[in-house]
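Engineer: In case you want the letters, here they are:
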Amino acid sequence: MSLLIVENIHKKYGTEEVLKGVSFSLERGDTKVVIGPSGTGKSTLLRCINHLSSPDAGRVWLDEVEVTAAKAKINELRAQMGFVFQSFNLFSHLTALSNVRIGPVKVKRMKKEAATKLAMEELDRVGLAEKADCYPAQLSGGQQQRVSIARALAMSPKLILFDEPTSALDPELIGEVLTVMIDLAKSGMTMLVVTHEMGFARSVADEIIFMEHGVIVEQGTPEQLFSSPKSPRTGEFLHKINELYGETG
Amino acid sequence: MLLGGVLINLELLFALLIVGLMVGTLVALLQVYGGRFFGTLASAYAWIFRSIPAIVLLFLFYFGPSEFGANIPPFVAATLALGLRSSAYQSQIFRGALQAIPHGQILAARSMGMSRINAIYLIVIPQALRISIAGWSNEFSSVVKDTTLAYVVGLTEVLRRVRIITDRHYDLAMLAYLTVALIFLVLTYAGNHALGWLEKRLRIPGLQMVGGGTREI
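First to last, the protein sequences are chains V and C. Per numbering that gives the first Met the number 0, the first sequence starts with residue 0, numbered consecutively. Per numbering that gives the first Met the number 0, the second sequence starts with residue 0, numbered consecutively.
These are computed hints drawn from the structure, not numbers from a lab. Please note that a few of the clues may not be correct.
Stated by the list, open to error - Listed next, the in silico DSBU-like pairs over lysine-lysine satisfying Cα-Cα at most 35 Å (straight line):
(1) V:K111 <-> C:K199
(2) V:K116 <-> C:K199
(3) V:K157 <-> V:K116
Claimed, not checked - Stretch by stretch, here's where chain C covers chain V in the computed footprint (C-beta under 8 Å, at least three residues):
(4) 61-72
(5) 75-82
(6) 199-210
Claimed, not checked - Only part of the chain C face toward chain V is listed, based on derived beta-carbon distances under 8 Å:
(7) I47
(8) L59
(9) G63
(10) P64
(11) S65
(12) Q104
(13) S110
(14) M111
(15) M113
(16) I119
(17) S136
Beta carbons are placed, not taken as given, at the ideal position from N, Cα and C, and that holds for glycine.
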């Protein structure tokens with residue numbers, strides 16, 4: 000059975016239906032990339048998966064446990080899903096080390112010494128061990144995002160959801176975050192990534208989902224989507240992105 | 000004699016700050032996170048205690064209970080009346096600070112599986128308290144002086160003692176009041192200085208807008 004199953008998710012904000020029945024599944028160890036124009040419900044989809052917002056209809060399963068069930072232990076389930084935000088959202092009153100350590104200590108009740116060791120390992124993994132004592136405001140955007148990836152990793156999640164992780168970064172800082180993410184994908188982490196980085200999508204994704212107006216227009220391997228898209232909309236979008244962002248990798 | 004009175008003002012100040020801080024924090028938390036029912040209740044509380052003049056509150060708390068045969072000491076009446084009044088003002092300082100914390104902080108905490116209470120307690124409150132210090136130093140200046148109002152319910156604090164002196168030695172009135180003025184100049188300065196020190200000490204490195212910085216979680 001797939002690690003993550005999303006079945007017919009609907010979500011309305013006021014009168015606007017943001018998600019109109021989205022279904023897909025994600026296999027263990029795979030990286031799936033979600034692309035599509037702004038305002039098509041990509042971020043909402045991620046938030047429905049970890050229940051930061053609750054879908055109006057549809058179901059989500061993580062590792063055979065239903066997240067959308069009325070009796071779901073949502074905090075336990077969220078602890079198994081990392082979430083990386085566009086705006087990093089590091090806890091601004093805590094050092095990088097404390098940011099990474101607080102989840103294991105406060106959510107997983109790990110001993111502080113063990114959690115410190117783990118947090119240092121995860122910071123090292125994203126190349127920021129020497130910044131352990133810095134506060135978020137003392138770090139660049141790229142460094143903050145890498146710390147937030149380390150924070151997600153420290154929970155030993157079953158998968159990580161990325162919500163446009165490089166969209167708030169200056170162009171010269173995007174590379175360092177993508178490098179970390181590529182390493183992660185190669186190490187076998189299961190990842191669901193909303194992004195406009197086509198180079199990343201093309202080189203790392205096992206499958207790409209193209210979403211527009213709250214539905215999945217098309218999904219397939221990068222090969223299929225980039226060279227022979229079935230839907231004309233997919234082709235148009237990729238062409239436009241290519242013009243905007245240049246080289247697609 | 001005056002200094003003995005000042006001690007009573009300081010005791011009252013201490014009691015007021017504790018009552019004000021504890022109740023004020025609770026009211027602010029209810030106002031921001033308490034949902035509709037508790038939120039409305041907290042707003043009503045803040046409105047009532049900020050509307051009624053301090054002296055009226057003092058009389059209500061001092062003479063009110065005796066209507067029902069319960070005599071309460073002036074110190075207790077003053078602590079409740081002025082402490083609850085201060086809590087209403089403090090709640091608004093803290094409410095502003097709570098609302099200034101970006102929502103992403105809570106989202107990040109919840110998304111790692113933290114309960115709502117833990118997210119508020121571990122992530123939001125430590126940041127909000129730091130922002131509050133500046134507003135609190137203002138409230139402190141005002142509470143210090145409020146302690147002299149307690150003389151209307153018979154508390155023998157500094158102003159009451161000045162009255163006792165001047166009743167006997169009218170020629171000393173000016174000197175006595177100037178002394179009281181000086182005492183409060185010093186108290187306010189010392190208090191604000193201490194809060195300024197605290198604000199600097201807790202400042203988060205690199206972050207200008209929000210003060211503070213804990214080393215440990």
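Engineer: Take the hints in turn and mark each one as holding or not.
Structural biologist: Against the structure, the hints come out as follows:
Only pairs whose Cα atoms come within 35 Å are accepted, and V:K111 paired with C:K199 is accepted, the gap being roughly 28 Å. In summary, the hint linking V:K116 to C:K199 is supported, as the alpha carbons are separated by about 31 Å, within the 35 Å threshold. Of the pairs offered as hints, the one joining V:K157 and V:K116 holds, with about 21 Å between alpha carbons and a cut-off of 35 Å not exceeded. Three residues within the 8 Å Cβ limit are the bar, and the stretch 61-72 of chain V against chain C gives 0, so the coverage statement is violated.
Counting residues of the stretch 75-82 of chain V whose C-beta lies closer than 8 Å to any C-beta of chain C gives 8; at least three are required, and the coverage claim holds. Counting residues of the stretch 199-210 of chain V whose beta carbon lies closer than 8 Å to any beta carbon of chain C gives 0, which falls below the threshold of three, so the coverage claim is violated. The beta carbon of C:I47 comes no nearer than 33 Å to any beta carbon in chain V, farther than 8 Å, and the hint placing it at the interface is violated. The interface hint given for C:L59 is violated, since its Cβ lies 40 Å from the closest Cβ of chain V, which is over the 8 Å cut-off.
Given hint, C:G63 at the interface with chain V, is violated; its Cβ is 43 Å from that chain's nearest Cβ, farther than 8 Å. Checking C:P64 against chain V by beta carbon gives a least distance of about 43 Å; that is not within 8 Å, so the hint is violated. Residue-level restraint check for C:S65 is violated (minimum Cβ-Cβ distance to chain V is 48 Å; threshold 8 Å). Annotation: C:Q104 was flagged as interfacial toward chain V, and the flag holds, the nearest CB pair being 6 Å apart, inside 8 Å.
Annotation: C:S110 was flagged as interfacial toward chain V, and the flag holds, the nearest CB pair being 4 Å apart, inside 8 Å. Residue-level restraint check for C:M111 holds (minimum Cβ-Cβ distance to chain V is 4 Å; threshold 8 Å). Interface hint status for C:M113: upheld, as the beta-carbon distance to the closest one in chain V is roughly 6 Å, under 8 Å. Interface restraint check: C:I119 against chain V, minimum CB-CB distance 13 Å, threshold 8 Å, status violated.
Proximity of C:S136 to chain V is violated relative to the hint, the smallest CB-CB distance being about 20 Å (cut-off 8 Å).
When the structure is compared with the earlier hints, violations turn up for hints 4, 6, 7, 8, 9, 10, 11, 16, 17 and for no others.
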